[in-house]
Amino acid sequence: MLVATPVAAKYDAWSDNSGPWMCYPGYAFQVPALPGCRPLLKLQCNGSQVPEAVVRDCCQQLANISEWCRCDALYNMLDSMYKEHGA
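Mapping of the sequence shown onto my numbering: residues 1 to 87, in sequence order.
Calculated directly from the structure, the hints in this document are not laboratory data.
Source: prediction; values computed, not measured.
Check before you lean on any hint, since a few could be wrong.
Here are the computed distance ranges between Cβ atoms for each label pair [what the hints assert, rightly or not]: (1) 85 <-> 22: 17 to 23 Å; (2) 27 <-> 48: 31 to 37 Å; (3) 24 <-> 52: 15 to 21 Å; (4) 26 <-> 52: 27 to 33 Å; (5) 47 <-> 26: 16 to 22 Å; (6) 84 <-> 48: 15 to 21 Å; (7) 86 <-> 63: 16 to 22 Å; (8) 27 <-> 52: 26 to 32 Å; (9) 43 <-> 22: 29 to 35 Å; (10) 50 <-> 87: 31 to 37 Å; (11) 47 <-> 22: 19 to 25 Å.
Listed below are the simulated SDA-like cross-link pairs for lysine to any residue, each with C-alpha atoms no more than 20 Å apart in a straight line [said to hold, decoys possible]: (12) 83 <-> 55; (13) 83 <-> 52; (14) 83 <-> 22; (15) 42 <-> 68; (16) 83 <-> 53; (17) 42 <-> 27; (18) 42 <-> 24; (19) 42 <-> 84; (20) 42 <-> 26; (21) 83 <-> 57; (22) 42 <-> 56; (23) 42 <-> 59; (24) 42 <-> 66; (25) 83 <-> 40; (26) 42 <-> 22.
Where a beta carbon is used, it is the ideal one built from N, C-alpha and C, also for glycine.
Hey, can you work out the whole structure from these sequences and the hints?
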């Protein structure tokens with residue numbers, strides 16, 4: 001723990017949602033993950049134009065998630081969408 005303590009202190013690891021060890025679905029981000037980004041992805045995959053409001057909603061949801069946890073949230077969103085479509 002002596003080695004981990006300076007690193008944890010540097011990144012304020014003892015606060016909520018602050019480190020990669022805190023990126024649990026339902027804790028660091030809501031489940032299902034990034035519901036505002038799902039329409040953006042669907043529209044882009046269909047080749048449709050994405051309205052600015054949809055982009056803003058997705059960006060706002062991403063901004064509300066700790067930098068440490070954004071990749072996990074995106075992975076969870078994509079994984080659930082793949083499962084919904086049988087991929």
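So, going through the hints one by one against the coordinates:
1. 85 <-> 22: 17 to 23 Å: 30 Å, violated
2. 27 <-> 48: 31 to 37 Å: At roughly 33 Å between Cβ atoms, residue 48 and residue 27 fall inside 31 to 37 Å, so the hint holds.
3. 24 <-> 52: 15 to 21 Å: Because 32 Å falls outside the window, the suggested range is violated.
4. 26 <-> 52: 27 to 33 Å: With Cβ atoms ~30 Å apart, the hint holds.
5. 47 <-> 26: 16 to 22 Å: 33 Å, violated
6. 84 <-> 48: 15 to 21 Å: 19 Å, holds
7. 86 <-> 63: 16 to 22 Å: The hinted range 16 to 22 Å is violated for residue 86 and residue 63, with Cβ atoms some 32 Å apart.
8. 27 <-> 52: 26 to 32 Å: 31 Å Cβ-Cβ, so the 26 to 32 Å window holds.
9. 43 <-> 22: 29 to 35 Å: Holds, since residue 43 and residue 22 (Cβ atoms, about 31 Å apart) stay within the stated range.
10. 50 <-> 87: 31 to 37 Å: Violated - the Cβ-Cβ distance for residue 50 and residue 87, about 21 Å, lies outside 31 to 37 Å.
11. 47 <-> 22: 19 to 25 Å: For residue 47 and residue 22 the Cβ distance comes to about 37 Å; the hint is violated.
12. 83 <-> 55: 23 Å, violated
13. 83 <-> 52: 27 Å, violated
14. 83 <-> 22: Answer violated: residue 83 to residue 22 is near 24 Å, above 20 Å.
15. 42 <-> 68: 25 Å, violated
16. 83 <-> 53: Not satisfied, since the Cα-Cα distance of roughly 26 Å exceeds 20 Å.
17. 42 <-> 27: 26 Å, violated
18. 42 <-> 24: Not OK: residue 42 and residue 24 at ~25 Å, beyond 20 Å, violated.
19. 42 <-> 84: OK: residue 42 and residue 84 at ~12 Å, within 20 Å.
20. 42 <-> 26: Roughly 23 Å separates the two Cα atoms, so the pair is violated.
21. 83 <-> 57: 23 Å, violated
22. 42 <-> 56: It holds: about 15 Å lies between the C-alpha atoms, which stays within 20 Å.
23. 42 <-> 59: 15 Å, holds
24. 42 <-> 66: Outside the cut-off at roughly 24 Å; violated.
25. 83 <-> 40: Roughly 18 Å separates the two Cα atoms, so the pair holds.
26. 42 <-> 22: 29 Å, violated
When held up to the earlier numbered hints, the structure conflicts with 1, 3, 5, 7, 10, 11, 12, 13, 14, 15, 16, 17, 18, 20, 21, 24 and 26 and fits the remainder.
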